[in-house]
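Chemist: Just so you know, the sequences run in chain order S and A.
Each residue of the first sequence is one higher than the one before, starting from 1 at the first, in the numbering used here.
Each residue of the second sequence is one higher than the one before, starting from 1 at the first, in the numbering used here.
Incorrect hints may appear among the rest.
[What the hints assert, rightly or not] Listed next, the in silico SDA-like pairs over lysine to any residue satisfying Cα-Cα at most 20 Å (straight line):
(1) LYS11/S <-> ILE24/S
(2) LYS58/S <-> LYS225/A
(3) LYS58/S <-> LYS131/A
(4) LYS23/S <-> ASP271/A
(5) LYS131/A <-> LYS72/S
(6) LYS58/S <-> GLY241/A
(7) LYS58/S <-> PRO272/A
(8) LYS58/S <-> GLU269/A
(9) LYS58/S <-> GLY270/A
(10) LYS58/S <-> SER217/A
(11) LYS131/A <-> GLN63/S
(12) LYS131/A <-> ASP66/S
(13) LYS72/S <-> GLU194/A
(14) LYS225/A <-> TRP305/A
(15) LYS72/S <-> GLU269/A
(16) LYS23/S <-> THR68/A
(17) LYS58/S <-> ALA198/A
These aren't lab readings, by the way, just hints derived from the structure by calculation.
Note that the structure is predicted; figures quoted are calculated from it, not measured.
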Amino acid sequence: MDTNDAVLREKVKAMIVQCARLKIPPSELKDDMSLFDREKGLGLDSIDVLEIVVNIEKMFGVQIPDRETGRKVIESVNSIVEHIQASSGKS
Amino acid sequence: MTSGALWDHSRHWLNLRPIYAFGEWVLDSMPLFVGYGITLGVSELAYRFSPNQRASLEGNLRQVFRHTQPAWSEREVERKVGRLVQQIFHNRGVWFADLSLMAGRRQVDGLFRFHRTGNWAALERQLATGKGAIVASAHLGNWHGGGVAMARQGVPVRVVMYRNHAGDVMDQKVARRGKVRQTYIDSDPMSMMEIIRALRSGEVLALLVDKPWDSRSLAVPFFGKPSLFPVGPVRLARLAGVPIFPAFCVWKRTREYETVLCDPIEVAEGDPDQAEREALTRIAKVIEGQVAQNLPVWFNFTPAWTSA
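Could you put together the complete structure from these sequences and hints?
Modeler: Here's what the structure looks like:
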């Protein structure tokens, strides 16, 4: 993991914590933790998805055009980071 | 996303898919007076054999009268409540009959009349910007009819709703015949992608905002007491940068409705939580005013205040 990747990951984690109003520090989010799983993950819901999608667009300038892409992208910190990197041509 | 509580409110011996299908068949196939007559009989049965729904209505109406009519004695309140509860059950029967007709093969155009009142010009101005808007309604009058009426005016309407396990087939037929788009939000959190895209492409999203469908709710004043309202609509408005128009489709007489579009409410910039609370408070206030004017068609069969 290079410096840019680590910085991006931290930003994504901070964004998720802020959007979902989580009461944990961003560093506690694991990269591969499911965002929706209620038992093993964060248990986010549709309102969180809304916040996250809008903030990904606003903060990183990256679009998530449809449901199918959203399902793949908003799955974990890893998948969001990968999508941002791919969309920015940095992968 | 749903919780178990979502379905609790609709658990009733009449809220079954075959009942909806039978009602639709009767209204579609028989002379209208037969259909409405049967509906009246069934709604009287519902009134007599629905103790939980009756109790909820009574509790809701008591609070309304204590707030709006402080000079009334408890006896007066009880007398008024008793009369209104029966009337509401009967009107709900008419609501069901009208909805069945809207879903059926008869042409809605020739059967129903919708009169527009309120600030429709503001909605037209908003749509002219290319962005959509949110229409926030309540369980008052015929909310399905409101969507149909808007679509008939050429407004691109999308109804955002939780699936009614008994009435979903009828809901879909009404939407199809009325040229209203639908998005269900209970099964897939990614439905929000479709919703935000619809708003950005100039559609009007119609939602019911007077029941706390999930855990994302805020308690705001409603007839003098905090009541839970869902935060989703105001958050959506804030994030998409669109206004919310409270709107109601109020039954005036048989198959005749008034579609009231109230002044738009903007979610202010600044502290998002504060802005959402303020917008929700204003929406609740508008709903309060409409409910107070139209109590016989306030179809809220669940307690409006218990969980606040």
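Chemist: If any of the earlier hints don't hold here, list their numbers in rising order.
Modeler: Numbers 2, 5, 10, 15 and 16 - these are the hints that the structure violates, sorted from lowest upward.
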